[in-house]
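Chains A and B supply the protein sequences, listed in that same order. So the number in my numbering is just where the residue sits in the first sequence, counting from 1, plus 1. So the number in my numbering is just where the residue sits in the second sequence, counting from 1, plus 1.
Misleading hints may appear alongside valid ones.
A pair counts as met if it fits within one copy or between any two copies, since identical chains are not told apart.
[What the hints assert, rightly or not] Pairs of lysine-lysine residues, derived as BS3-like cross-links and limited to a Cα-Cα distance of at most 30 Å, are as follows:
(1) LYS288 x LYS143
(2) LYS143 x LYS74
(3) LYS341 x LYS143
Honestly, the hints are just simulated from the structure, not real lab data.
Number of protein chains: 2
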Amino acid sequence: MFQVFPTARLRPSPFFHSAMAEGCTSASIYNRMILPASFGDKEKEYSDLMNGVVMWDVGVERQVQLEGPDAAKLAQILSPRDLSKCKVGQGKYVPMCNHDGILINDPILLKLHEDLYWFSIADSDIWFWARAIAAERRLDVKISEPDVSPLAVQGPMAETVVASIFGDWVRDLKYFWFKETELNGIPLAVQRSGWSKQGGFEIYLRDGSRGTELWNIVKQAGLLYNIGNGGPTSPERTESGLVSCGSDTDDTTNPYEVRLGKYVDLNLPDDVVGIEALRRIHAEGPKRHQLGLVLDGDSSDPLSFHWEDITVGGQKVGDMTNCIWSPRMQKNIGYALISKKCNIGDTVVLARSNQRKVNAQLVDLPFY
Amino acid sequence: MFQVFPTARLRPSPFFHSAMAEGCTSASIYNRMILPASFGDKEKEYSDLMNGVVMWDVGVERQVQLEGPDAAKLAQILSPRDLSKCKVGQGKYVPMCNHDGILINDPILLKLHEDLYWFSIADSDIWFWARAIAAERRLDVKISEPDVSPLAVQGPMAETVVASIFGDWVRDLKYFWFKETELNGIPLAVQRSGWSKQGGFEIYLRDGSRGTELWNIVKQAGLLYNIGNGGPTSPERTESGLVSCGSDTDDTTNPYEVRLGKYVDLNLPDDVVGIEALRRIHAEGPKRHQLGLVLDGDSSDPLSFHWEDITVGGQKVGDMTNCIWSPRMQKNIGYALISKKCNIGDTVVLARSNQRKVNAQLVDLPFY
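Pulled out of the complex, with its shape left as it was, chain A reads as follows:
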């Protein structure tokens, strides 16, 4: 591929220099920041995540902060999921939609105080979105990007490592719940979260000047457990059925099509953005659904930049939106965003690169 050159338009996280010093070799760009992805040994990175513990610079998971008298009101306006019972210290996964009910992000909402919320976002500009809605509705709320950068600790040994740093109280955190704390005077929030299904925490650094310090503390605590470097891994997230907004979705995808309908509450008031469209989509029934794909063949053949057509009898019935070699299944697996007419058990044909046709089976998600 190619190298990315430095520019003030693409920002490093507070952990960037540590990640580069430890030998980061490949990265992605996410929220106009650099997301370290691999340190050169993907098999080890996967194995560490599955069997031990890894630390990831996920500073690219930015926070859209809502602060002020109308913060709670705006949070609900932007979320088609009922937040009325959300408590301080609680986080909630929220499919964020536009007025047409199209998915535009899938953040974790964190309620820090009654008038202070963060949306910890996927890769799209929710500051623009939130500011436009808030200003047009003349809400009394300040929308900003605070100095907050998550560092993830993931894997079956993550809890042990994080508890050794912060104490046993972290073991009591429920999923997506968090606590504000500090460490050597570094302001932090610790949440049970992370973009894998192997368990773990995200440590939200709240002072960007102390990234190296936090990195080293986690690294040091993890040494005993052979903590590895890495980044969110495509094989694990695909096996686990996690959605990547913007990879698995496009400009026409609604939450019902990608298994997020359970997070939509259609009884919310009409002022919630997209709720009327979502009621209509739900009533009519979505036209597509997201299923798993198990491809024929026994060598790695990942998806490149483009979605690939799925056909049955020569007719296009959907798209393969994601494809990666699964270490556990020893197969190429992926996601289909496909007509409701196609179902689990069906065989479909994929139009791969270089005009290759490959058969695949539709299966349920997640794979594990």
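Chain A is fixed; fit chain B onto it per the hints.
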């Protein structure tokens, strides 16, 4: 630096395979797409631009299409520049602002028909922005991302090359004016435009399946003039004083601070987004302005990912937002976003990486 790996979240342009086949070595990410930047010989790329002709894959300059009865109304609502005299076939440079008068993009607006407009945007999500405003105001307009990807031909010989392809009518195009046309059945628009001050055109490809074809036509026509590969070059754009929205601006920058005040019409109606804030900012007088910097020292020392502090007498007075080695000046030059108290002729101190202090002179922009 590091490699970027393929993902459906980062899209290639229709010219990507051609650019890679010709040996693209470095790239940036812009509007979540890949922007080929260099083919390994930056001195030649600069020299070709200054003295001959180059072709650039600038497919990342995406179009935000407004279509329908309220398209003209929305275009004006989003633009604090008077569009009332804009004619079909005309383009206009527009500083786009949020409700607080903060610059969020600086697109070229193209008027294709009375009810069809494109914003050819810089690197920020104007689809989100436009959709939020349009929906909140219940305007009858469809906002989309059409299948349109610009290919730039730049440099003193660009007009000769483009005229040899399309005919002499291109010589009559005024700056930012364009004409819809086709070539071997490929639908196109040809505009006198481009992100350099060396003259040239942007050819808007309107069928993404025909990118390689268009690339080869331009390459073939350019052979006689030794057309080079490349991408928008930091040295030339800095020498020429062009603004890069998101590099030279941040979350607090208004158009008056970065020499774009002349494109703001304060007499526009109150429904134009940001116009009330811009009137207030103009009346109070902006606190900062953008000046050139000429740094001491005679070896290349470009800005990396971060802005760098500018101080006078140990006090921070502004930021260096951009810095690059100028082939013409044989100096490091850059932009200051700096207090109005500092002016042309002043000497300031830059806090460079590794704690180095470097003196610089404030000068007028553009350098050339």
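Status of the hints after comparison with the structure:
1. LYS288 x LYS143: Between copies only: 22 Å across chains, 38 Å inside a chain, cut-off 30 Å.
2. LYS143 x LYS74: The answer is both: 12 Å in one copy and 28 Å across copies each meet 30 Å.
3. LYS341 x LYS143: between (42 Å within a copy, 27 Å between copies)
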